[in-house]
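Top line first, the protein sequences correspond to chains A and B.
Heads up, the final residue of the first sequence is numbered 143 in our numbering, and it's a clean run with no missing numbers.
Heads up, the final residue of the second sequence is numbered 343 in our numbering, and it's a clean run with no missing numbers.
Any given hint could be a false lead.
[What the hints assert, rightly or not] Taking beta-carbon pairs under 8 Å as the criterion, some of the chain B residues facing chain A (in silico): (1) 174; (2) 267; (3) 273; (4) 274.
[Stated by the list, open to error] Here are the simulated DSS-like pairs of lysine-lysine, each with C-alpha atoms no more than 30 Å apart in a straight line: (5) B:44 with A:86; (6) B:44 with B:152; (7) A:131 with A:57; (8) A:104 with B:44; (9) A:57 with A:97; (10) B:44 with A:97.
Hints were generated in silico from the structure; no laboratory data involved.
For glycine and all other residues, C-beta sits at the position ideal for the given N, C-alpha and C.
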Amino acid sequence: MPAGSLKDQILEISQDYLGPAAERFIDRQISTHLKKSPDKITRSDLKVLIDWLKLSFTLLTDDGRIVSEYAKRLQLVAQGKSQEALDKKWNDG
Amino acid sequence: MSSQNHRAKSGGWDSYFKWVYVAAFIALSATYLGLTLIPAPDKAVLTQHHITASDYRWLVYPAVILLAVSWIFGLVGSFRMKAYSNIIRKSSDGSAFNYISAGFLLYTFVQPLSSLTANVFGHIEKHVTGAVPTLTIINNYIAIVGMGIAFVLISVGAERLSRLAKAGNESLMEHLWVGAFIIFSSIYSYFIVIQPLHTPLARRVYFLPPWLLISTIAIPYLYIWYRGLNAAFRIFWYRRNIQGRLYRSALSYLAGGTTVVIASSIATRTITTISAGLNRLSLTPLLFIVYGLILLIAIGFVLIAIGANKLRRIEEV
Numbered sequence: 051m052p053a054g055s056l057k058d059q060i061l062e063i064s065q066d067y068l069g070p071a072a073e074r075f076i077d078r079q080i081s082t083h084l085k086k087s088p089d090k091i092t093r094s095d096l097k098v099l100i101d102w103l104k105l106s107f108t109l110l111t112d113d114g115r116i117v118s119e120y121a122k123r124l125q126l127v128a129q130g131k132s133q134e135a136l137d138k139k140w141n142d143g
Numbered sequence: 027m028s029s030q031n032h033r034a035k036s037g038g039w040d041s042y043f044k045w046v047y048v049a050a051f052i053a054l055s056a057t058y059l060g061l062t063l064i065p066a067p068d069k070a071v072l073t074q075h076h077i078t079a080s081d082y083r084w085l086v087y088p089a090v091i092l093l094a095v096s097w098i099f100g101l102v103g104s105f106r107m108k109a110y111s112n113i114i115r116k117s118s119d120g121s122a123f124n125y126i127s128a129g130f131l132l133y134t135f136v137q138p139l140s141s142l143t144a145n146v147f148g149h150i151e152k153h154v155t156g157a158v159p160t161l162t163i164i165n166n167y168i169a170i171v172g173m174g175i176a177f178v179l180i181s182v183g184a185e186r187l188s189r190l191a192k193a194g195n196e197s198l199m200e201h202l203w204v205g206a207f208i209i210f211s212s213i214y215s216y217f218i219v220i221q222p223l224h225t226p227l228a229r230r231v232y233f234l235p236p237w238l239l240i241s242t243i244a245i246p247y248l249y250i251w252y253r254g255l256n257a258a259f260r261i262f263w264y265r266r267n268i269q270g271r272l273y274r275s276a277l278s279y280l281a282g283g284t285t286v287v288i289a290s291s292i293a294t295r296t297i298t299t300i301s302a303g304l305n306r307l308s309l310t311p312l313l314f315i316v317y318g319l320i321l322l323i324a325i326g327f328v329l330i331a332i333g334a335n336k337l338r339r340i341e342e343v
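Produce the entire structure from the sequences given, and follow the hints as far as they go.
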């Protein structure tokens, strides 16, 4: 079952790492770097957004595995494989 | 990282209130240190423990300085937490963290305030012997009210926080900690009851008849401690059931620090409350216990500051 909007899909993945802070984190990245309302992002915005999210994420943890796992899951959303991205956490254990 | 950094860092934390708070805190702490360290030691205390004035200074000065250092850690930890709660104040968890940080700010302020009050009362009592009972009673109630309001605020915040997490099976953990608290309450009540309430020694600590001692000291303390420990449990429970690996990792410091501060504070107060029994101990082990508890409170606030900084970082990138 595909998730909702692009923002919802990214949010759902981000919540696995940032919990209740995830929505604030995503909204801040979108409005600051894309200069857009968080609900209005399109698939064409995703590449830039994912780069920013990954960069910001590296400032939050020294664990490279978490950063690359997060980036990979976001890339799956960008490729339209939203369900796979949401399930990936379970496959990765 | 983002253009919102500056706004996030300011956090809306009212700088006027902050500086008034810090100025009052420094004034209270400095006055307490002056009144404790400058006057000559009480001869009655030296006689009771068979020590010289020099021994007394070597034993007491480090404890007093350690106490002041722990207050400073408390100030830093509380402010870090307040800054974090201000950044997220408009969100659902922001309100909960705001209560918790307000509780810690009050707790931190009450420490030098109640120590100074006790010290000033001690000096007054040397000159006005008839004032001893009244001042002792007032001092005991100041300690209860200060700790009570702080712990209730922390508890309200922690309960709000725990309601935000997905419902989990808390019954076993809750039963375990409530069981542990019942055991603690029973031991505490035992120590209160076995104290010879009608002797001059007990009167020196409370100056209250047994029914007032039980109803206005023992029961309120047990209620306040229950709220405090319940707050620590709720924060751990929230940490356990909330999503977010990095968020949970930061929250671990906060939960651990809160538990250490509350538990050490309760242990300190328990020792004070049942101190008639401890008077049989010599001064050195008593001071080691006090050193240890003060150190634990300082460590707890360091953990709170680290946790609040990590959580704040998430909100700033």
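Can you name, in rising order, the numbers of the hints this structure does not satisfy? As far as the earlier hints go, 1, 2, 5, 6, 8 and 10 are violated by this structure, in ascending order.
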